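Heads up: the sequence lines are chains A and B, in that order.
Per my numbering, the very first residue in the first sequence carries number 23; after that it's consecutive.
Per my numbering, the very first residue in the second sequence carries number 28; after that it's consecutive.
Please keep in mind that the hints were generated in silico from the structure rather than gathered at the bench.
A few of these clues could be false.
[To be verified] With beta-carbon atoms standing in for the labels, derived distance ranges:
id, chain 1, residue 1, chain 2, residue 2, range
1, A, G221, B, A183, 50 to 58 angstroms
2, B, T245, A, D223, 39 to 47 angstroms
3, A, T39, B, Q290, 52 to 60 angstroms
Everything numeric in this text was worked out from a predicted model, so none of it was measured.
Beta carbons are placed, not taken as given, at the ideal position from N, Cα and C, and that holds for glycine.
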Amino acid sequence: MQTYDLEANGLRGLNETLHAQSGATNQTAWEVVNPKGSHAIAVGLDAPIEVTVKGSTGYYCAGMNQQATIRVEGSAGPGAAENMMSGTVIIDGDASQYAGATGHGGLLVIKGNASSRCGISMKGIDIVVHGNIGHMSAFMAQAGNLVVCGDAGDALGDSLYEARLFVRGSVKSLGADCIEKELRPEHIEILKDLLGRAGADAKPEEFKRYGSARQLYNFDVDNAAAY
Amino acid sequence: MCGIVGLFLKDKALEPQLGALLTDMLITMTDRGPDSAGIAIYSDFSEGTGKLTIQSDDPKSDFSSLDSELSEALNAEVSIRVIDTHAVVETAHDKTAQARSILTTLRPGLRVMSAGESIEIFKEVGLPENVANRFELTKMCGSHGIGHTRMATESAVTTEGAHPFSTGPDQCLVHNGSLSNHNSLRRKLVREGVQIESLNDTEVGAAYLTWKMQNGATLGEALTSSLEDLDGFFTFVVGTKDGFGVVRDPIACKPAVMAETDQYVAFGSEYRALVNLPGIEDARVWEPEPATVYFWNH
Chain A
23 MQTYDLEANG LRGLNETLHA QSGATNQTAW EVVNPKGSHA IAVGLDAPIE VTVKGSTGYY
83 CAGMNQQATI RVEGSAGPGA AENMMSGTVI IDGDASQYAG ATGHGGLLVI KGNASSRCGI
143 SMKGIDIVVH GNIGHMSAFM AQAGNLVVCG DAGDALGDSL YEARLFVRGS VKSLGADCIE
203 KELRPEHIEI LKDLLGRAGA DAKPEEFKRY GSARQLYNFD VDNAAAY
Chain B
28 MCGIVGLFLK DKALEPQLGA LLTDMLITMT DRGPDSAGIA IYSDFSEGTG KLTIQSDDPK
88 SDFSSLDSEL SEALNAEVSI RVIDTHAVVE TAHDKTAQAR SILTTLRPGL RVMSAGESIE
148 IFKEVGLPEN VANRFELTKM CGSHGIGHTR MATESAVTTE GAHPFSTGPD QCLVHNGSLS
208 NHNSLRRKLV REGVQIESLN DTEVGAAYLT WKMQNGATLG EALTSSLEDL DGFFTFVVGT
268 KDGFGVVRDP IACKPAVMAE TDQYVAFGSE YRALVNLPGI EDARVWEPEP ATVYFWNH
């Protein structure tokens, strides 16, 4: 286990050190101490290493991740795991706005609540939130799965493309062109897999599925009010 | 972008440290707002005494012999404590309105930053650390305080454009965001007889809350109605003589983190601002919900 003291050694040194790791590294386990809400911790990693951040983080933690497993033993500020390509990011506490935004792949697990705009414009990432999510989540989401064990805020899935949204609790309101859809056996399988990997104690059958009504894909003058 | 910090103490034992704790929080928020900084501090007050915090671009000549001149014109005892470009004028509470109007004749260049029994506001252009040093903020004590680091968007980088804004006795407001209907609202408030000094959007927000409260609303009610009447982006933190409130607009894109322990309630634009507070490891830390009014009272 390698330990990096962020307060003593600075952010640039941390990210440079982590970027220097390749698939062949034998330094596979890293611990970041004294994060103290700093920004851009463990950003742009591209190696199958495990990084544990011992405390809460600020903006853009674990952004652009590839291959790495990053765990935050605290809460994360805005933009956690933004634009993730692959790998796993686990936030033990809450995540602030736009967690997992634009993510192309990998798994983001938020054990607390996520605030507004969770999964905005997601493009293939899987996101599992153990708690609730805020308003405008999955806005313009294109691909991937957003699983919410708690409740969702206003305007869920507004202007949605083909991402699948699963919510166990209540949905305050659905956004434009987002509708409830049938939960079929293949969706139960997806949920079983994601909930298992995210360590969430919830039954797939308890979820409702939401998706795109596909009415906003092309311009239709009858929908002018919804654009 | 701007930075906000706030600290509302529940434990009196921390009051001597209020200035030091807030200063550390304020300086941490420098990169959210490096052009100006300010702080409103609610300190001890004695019954019957009123305070005016005044600011001058030429403190040396403006503050010189001001106490005796004001005392004579007012026919009452006046004390003045000069701190850099600011001074705190203390006199009988029922004389403060008169003192304020006399000051406009005695020293036309002065600006009144705050008026009340408890509030003192210090704000200037410059890096937060420099502003804090000029006013010796670390030495200040009190029951609650609010600080702001500014990155200007809606009006010029000047002392009067810096936050906090105070438009009513012992009231103050700081703001992260920008209001888009401040010009029309300013005209409406001016028609109602509300005095607004600057072209700044936040001052309009502060004046709006003061106007609501003058018309019988509690601070909580005023904040709730601001969600209807103010258009734009805002995270507001407000202070009153014995209270501390927070509200975010319904879109809530301006960040906010709160922490509460048995000793205090703290606000920061980012968690970074809170990390050196005592007992933060065990505090309840949360992000205030959009369009929800939070309020604490002593």
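Hints, verified against the model:
1. G221/A - A183/B: 50 to 58 angstroms: holds, 53 angstroms
2. T245/B - D223/A: 39 to 47 angstroms: The hinted range 39 to 47 angstroms holds for T245/B and D223/A, with Cβ atoms some 43 angstroms apart.
3. T39/A - Q290/B: 52 to 60 angstroms: violated, 38 angstroms
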